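Keeping the supplied structure of chain A fixed, place chain B upon it in accordance with the hints.
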Amino acid sequence: MIERELTVSNRLGLHARATAKLVQLLSAYRSTTTLTAKGREVNAKSIMGVMLLAAGQGTQVKLRCEGEDEAATVEAVCALFERRFDEDS
Amino acid sequence: MRQEFKGLGASRGSALGRARVRLPHALEVAEEHIPESQVEAERARLQRAIDTVRTEMHALRQRLHGALAHEIGEFLDLHALLLDDPELLQGLDTLIRTGRYTADYALRLQRDRIAAVFAGMDDPYLRSRIDDIDQVVGRIHAALHSRENGASGVAGEILITDNVAPAELAQLQAQGVVAIVTAAGSTLSHSAILARSLHLPLVVGMPGVLLRVNDGDALVVDGGSGLVVVEPGPQDLRAHRGREREYIRERKELHRLRREPTRTVDGIDINLYANAESREDVAEAHALGATGIGLYRTEFLFLQRAELPDEEEQFRAYRDVVLGMSGRPVTIRTLDLGADKADRTGLVLRDEPNPALGLRGVRLSLARSALLETQLRALLRASGYGPLRILVPMVTSREEIREVRSQMKRIARELRTQGHEIADHVPLGAMIEVPAAAIALPGFIGSIDFLSIGTNDLVQYLLAADRNNEALSDLYTPLHPAVLRLLRDVIRLAHARRKPVAMCGEMAGDALYAPLLLALGLTEFSLHPGTLLELRRVIRECDLTALRGRLPLLMRARDRAGIEAWIESHRPNA
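So the protein lines, in turn, are chains A and B.
With full-length UniProt numbering, letter number 18 in the first sequence gets 18, and the count goes up by one each step, no holes.
With full-length UniProt numbering, letter number 475 in the second sequence gets 475, and the count goes up by one each step, no holes.
Mixed in with the good hints there might be a few duds.
Said to hold, decoys possible - With a Cα cut of at most 20 Å, we get these calculated SDA-like pairs of lysine to any residue:
(1) B/K409 - B/S447
(2) A/K38 - B/G120
(3) A/K38 - B/K409
(4) A/K38 - B/I114
(5) A/K38 - B/V117
(6) A/K38 - B/A119
(7) B/K499 - B/T291
Keep in mind that the hints were calculated from the coordinates and are not lab data.
Since the model is a prediction, treat every value here as computed from it, not as a measurement.
Next comes chain A alone, as it looks inside the complex:
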């Protein structure tokens, strides 16, 4: 299992479009992946779950990955967060 602390740095936070990107990205990986913020843990492959975190800009989230491709999964998710979800302006 791998854990990482991440910061939501895109301007609109984990809103629908950013969440959709995350879920689409994760659909290519087999690991069980969760995000935890504000004491709530959700399935990172659920757009609804992630949106319910209400993680606005600046929120700290904990990423947890478990499975055969966990290293690659973590790397891909971290890169997406660093790219600020490729968000338009």
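Just chain B now, with coordinates in the frame of chain A:
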């Protein structure tokens, strides 16, 4: 008993059908339990409804085109993902299996639980995203009911609702909805623009319509005049059929307009150029009698690929556009990439804190001089095949345009020495899409040969309202006195200095804005070929002299409502 109501006609066309009233949060479902023996059947019913919605959304995605297609497509993709969401599906399944609720009530309960969490969010933008959930839940709900009634969706129905989101419109049309009437809304909203491009009749601004019309009422809706008749009589039906015939005649007429000039009632010729980014667009523009290509985007050569296009590849692409227009002028824009566009070439910096204010457009071209050089060489070589103009995006200062021009001169000399035949003069123009360029124009208009106003970015920067942020969709509008003033000044100055000025943003392509733009002095429009004939038709009904005379009244409007009122009173065919 016959009743008649008047709203604002937002998208033309006449429709006859039964009303389907959608109350806000339309899930007014009673709590209902099912016996254990029906649980499996109920789960299957829900699954069928979800599958139906998924198929519909997929079909819809394929049909989208035009100005808002990209934006709408993103929302459809998002909604499609929600349909597969493990949390949503498991939650519903548990409610049906262990709570023994009907699928309808499970849907409502699940929606309310989610809504409660959203309602508690601090961030107003995130809080408003319950709309996405509501739209998807609403669709599943509708699909559940069409199965139950054995009816084929809502075909032939007229939707009566509080408001309608752009992302829903194409879906509703695909389901067979023949017209929409909303209590709120504006004729100039994104939804209205999209309804017009879908040719779906829409009447907006009828407060109280939800109370006055009942489910199942027979209605006649005229999206042109905004007239809605409940329980229509023989005369109303005749009027409806007359309008239908008129509409068919108009479509034919529109087709005939391919060969007609774009001339106003008082005999002034207006230039309609086409925006294009593919061979098909260029062929269509040619067939529709466009004055030329007003904006040819070159980004597609650079996007979705891992290596940069070389000079030969670019040259062939630009030459084909020039040849494709057989002598009519072609304006090609230099690379307009920025961090807001995904690319795989690695050209764009990914970690810019604010990409809209970052290294994009001409800034990127100047920062990567080899890139600009290759593109200019290809463009200048293509200029040997017909009239070509070069347009530079995101210009904010005289220095940027001077830098591009000096490179152009140097490259032209080199190309001639190498034996290439290139045009004696290739006009160089600037996109006016940053307020600084518009305001400082008197200082650098002497350095450019022509201008093209990019309203999409100009409005965004002038009003400090991100056009991709739905929370600001009311703020992001060209109908702001500051926008009109700036447009008037830019057009006026260009005319005084005898420099051609066109508009290539989305504003130029919507027929509703045409009288306003003509009043502001615009005589060159560049727009998607798909809307060219419609704009030609409207311009042929406009009296330019009269509209110019009404400019002072327009400029006295102090807010959006005042500007909308002006547009409303100058609608052709109103």
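Hints, verified against the model:
1. B/K409 - B/S447: holds (14 Å)
2. A/K38 - B/G120: holds (13 Å)
3. A/K38 - B/K409: Cα-Cα ~60 Å, so violated.
4. A/K38 - B/I114: With Cα atoms ~17 Å apart, A/K38 and B/I114 stay inside 20 Å; holds.
5. A/K38 - B/V117: Distance of about 13 Å is within 20 Å: holds.
6. A/K38 - B/A119: With Cα atoms ~16 Å apart, A/K38 and B/A119 stay inside 20 Å; holds.
7. B/K499 - B/T291: holds (17 Å)
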